[in-house]
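Protein chains in written order, with our numbering: chain A, 1 to 351; chain B, 1 to 328.
These aren't lab readings, by the way, just hints derived from the structure by calculation.
Do not take every clue at face value.
To be verified - Between beta-carbon pairs, the in silico distance windows are:
hint: 1; chain 1: B; residue 1: Gly105; chain 2: A; residue 2: Gly99; range: 54 to 64 Å
hint: 2; chain 1: B; residue 1: Leu326; chain 2: A; residue 2: Gln263; range: 56 to 66 Å
hint: 3; chain 1: B; residue 1: Val204; chain 2: A; residue 2: Lys149; range: 54 to 64 Å
To be verified - Negatives, chain A to chain B, calculated, CB over 10 Å:
hint: 4; residue: Glu145
hint: 5; residue: Arg209
hint: 6; residue: Gly306
hint: 7; residue: Tyr341
For clarity, every value in this text was computed on a predicted model and none was experimentally measured.
In this text, a Cβ means the ideal position worked out from N, Cα and C, and glycines have one as well.
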Amino acid sequence: MTTEQAADARTGTDVVLEARGVTKHFPVRRTAGDLLARRHRTVHAVDDVSLELRRGTVTALVGESGSGKSTVARLLAQLYPLTAGEVELGGTAVRAGRGRSFRRYVKQVQLIFQDPFASLNPVHTVRYHLTRALRIHGRAGSGDEELEKNLAALLERVQLTPPRQFLDKFPHELSGGQRQRVAIARALGADPRVLLADEPVSMLDVSIRLGVLNLLRDLKERLHLAILYITHDIASARYFADTTLVMYAGRIVEGGDSETVTQYPAHPYTQLLIASAPDPDRVADAQAQEETGSGEPPSLIDPPAGCRFHPRCPKAMERCRTELPPRFDLADGRWAACWLYDGATAEGAAK
Amino acid sequence: MTAEPILTISGLDVDYGTGASGVRALRNIDLTLHRGEVLGLAGESGSGKSTLAYAVTRLLSPPGVITGGDVHYHRPGGGTIDILALSPEQLRAFRWQELSIVFQGAMNSLNPVHTVHSQLTDVLTAHRPGMRAAERTARAEELLSLVGISTDRLAAYPHQLSGGMRQRVMIAMALALEPEIVIMDEPTTALDVVMQRQILRTLVELRERLSFSVVFITHDISLLIEFSDRIAIMYGGRIVEQAGATEIYRDPRHPYSEGLLHSFPALHGPRRELTGIPGSPPHLSAMPTGCAFHPRCAKAFEPCATRVPVLAAPDADQDREVACWLHR
Chain A
1 MTTEQAADAR TGTDVVLEAR GVTKHFPVRR TAGDLLARRH RTVHAVDDVS
51 LELRRGTVTA LVGESGSGKS TVARLLAQLY PLTAGEVELG GTAVRAGRGR
101 SFRRYVKQVQ LIFQDPFASL NPVHTVRYHL TRALRIHGRA GSGDEELEKN
151 LAALLERVQL TPPRQFLDKF PHELSGGQRQ RVAIARALGA DPRVLLADEP
201 VSMLDVSIRL GVLNLLRDLK ERLHLAILYI THDIASARYF ADTTLVMYAG
251 RIVEGGDSET VTQYPAHPYT QLLIASAPDP DRVADAQAQE ETGSGEPPSL
301 IDPPAGCRFH PRCPKAMERC RTELPPRFDL ADGRWAACWL YDGATAEGAA
351 K
Chain B
1 MTAEPILTIS GLDVDYGTGA SGVRALRNID LTLHRGEVLG LAGESGSGKS
51 TLAYAVTRLL SPPGVITGGD VHYHRPGGGT IDILALSPEQ LRAFRWQELS
101 IVFQGAMNSL NPVHTVHSQL TDVLTAHRPG MRAAERTARA EELLSLVGIS
151 TDRLAAYPHQ LSGGMRQRVM IAMALALEPE IVIMDEPTTA LDVVMQRQIL
201 RTLVELRERL SFSVVFITHD ISLLIEFSDR IAIMYGGRIV EQAGATEIYR
251 DPRHPYSEGL LHSFPALHGP RRELTGIPGS PPHLSAMPTG CAFHPRCAKA
301 FEPCATRVPV LAAPDADQDR EVACWLHR
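Could you build the full structure based on these sequences and the hints that come with them?
Structure (structure tokens):
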């Protein structure tokens with residue numbers, strides 16, 4: 001980060017996409033019993049999520065499956081209407097509906113999906129996928145020659161070189177990593193400011209995952225993209241993201257600089273997540289296996305009152321069962337939504 | 001650790017399809033599982049690790065065919081069984097009694113229209129004809145508590161259980177007849193890290209108590225290093241390196257093992273720039289000549305492209321093997 005950008009970061013002008021109190025409840029299909037009792041049940045998929053995506057920064061959203069992290073990506077991409085809250089793009093609240101306003105929005109905010117086998121149309125070539133993205137977003141240029149040049153530039157940007165070799169291939173002729181690169185190239189076809197990457201490497205072979213992550217980081221640096229990296233792998237968040245947010249049962253429980261969050265986790269859930277991640281050094285250090293807690297994430301139809309982690313939390317207090325913990329700011333711009341830090345200073349954060 | 005072998009695989013070859021369209025999925029696999037050990041089998045998709053599990057249990061379905069090699073099971077009391085020569089009846093008696101398997105995607109391996117109780121007792125009905133219904137139920141309850149599920153879930157249907165609990169039921173089922181060997185094919189891949197650790201911890205405890213041997217198949221080598229005694233790494237249908245877990249971690253000899261280890265970002269220690277491995281894993285139908293890894297290998301030299309390296313000890317006195325021309 002240059003000093004200029006750092007200055008931007010302080011004044012907050014480089015926030016590209018911001019979510020404020022974003023909430024999404026999905027209705028549950030009503031049973032006969034619900035109809036008789038006049039009950040409307042909902043899945044509280046995402047509750048009161050606020051986050052900022054900054055220019056040239058990777059923000060990781062880490063959580064288990066069912067924690068609502070993919071729903072957050074879809075809400076930010078305006079694929080679902082919000083139940084409550086606001087999404088701001090470049091400082092103005094956006095509620096893109098359909099048609100032209102939606103297209104204007106997606107030109108700036110692009111989504112990359114988990115499964116590159118499913119996200120590319122098997123009956124069309126790479127050329128078709130990329131041409132379509134360029135045409136829709138008005139970047140195809142005039143004439144065939146310019147289009148060809150733009151296509152080549154896109155493929156080069158995702159390191160599929162020489163472009164000629166890939167343009168007329170069908171998805172089945174490409175490996176998983178190459179397919180995901182085509183999907184990234186397609187997203188770049190819109191020349192977006194924000195890239196929402198929903199588990200972009202979890203379907204890929206382990207030896208090629210880092211190649212794709214390094215590519216995304218390179219794009220972040222060269223194109224100053226704001227990237228949201230959604231993952232269940234907290235070690236990759238540490239490697240790839242500048243900022244890490246941890247999500248549990250529809251709420252963000254901790255956030256801050258990736259290194260701080262992974263090295264000195266403050267929230268008991270983050271601590272559990274870190275203690276559970278595979279770690280070869282654990283054996284090497286012959287460290288005693290401490291009890292890391294048990295249980296499973298709660299049902300989001302009827303989430304626990306108070307802190308949603310309290311039924312599994314080894315440090316739960318009386319207050320946790322009834323009152324929802326707000327964000328408590330700790331040192332270094334980090335925060336945790338946990339009553340342990342009520343009135344406490346940063347010393348409490350270090351393990 | 002006792003070095004008494006319980007399962008020996010020698011020269012195993014497996015093809016998918018025959019004739020011109022056939023591809024060779026496993027080439028000349030030599031592997032030994034010792035009594036009471038956890039053997040980790042690591043590799044990427046298409047490396048043949050699941051095929052190996054299916055071939056050993058004779059579950060390989062057409063077009064998969066075993067074209068060569070032997071698989072021998074050594075009974076605890078002495079005596080050897082040639083698994084590849086068993087008749088269907090003998091095989092039926094052998095499976096689950098001596099060797100059981102927990103499948104990949106085990107979350108969907110339970111029958112959705114039967115209760116946990118009927119699926120657990122089904123194994124007992126088939127293999128223990130003399131057992132009374134009350135005894136079977138008692139055993140099913142015992143199995144559930146063994147894997148840490150409360151016994152009142154016995155009447156539940158699979159959809160009423162979480163993914164982690166379903167996986168535990170599958171493990172309970174695999175342990176129903178107290179087999180000597182349990183093969184686990186990506187048992188925790190679909191689960192979250194927290195649940196994964198809980199299940200693996202249960203497994204480690206059970207193994208200490210019941211002393212069975214485990215073949216643990218996964219693509220996550222960092223998990224294997226933590227949980228297994230010995231690791232075999234597969235690439236392109238061959239075993240390219242095998243050694244003790246800590247030796248693999250501290251001192252990988254094959255460039256692929258090294259690349260694989262450097263593909264997982266560390267959670268602790270200094271943040272390093274990692275590169276993964278360039279290129280992508282080969283297709284079975286277009287396997288490179290010589291060492292299958294040579295097109296992606298930074299250390300490839302003259303013999304790699306033409307001659308296949310054999311699996312052998314890199315130094316005379318070590319209990320490890322590597323298939324790489326660098327160590328000849």
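(request) Identify every previously stated hint that the structure contradicts and give their numbers, smallest first. (result) 1, 2, 5
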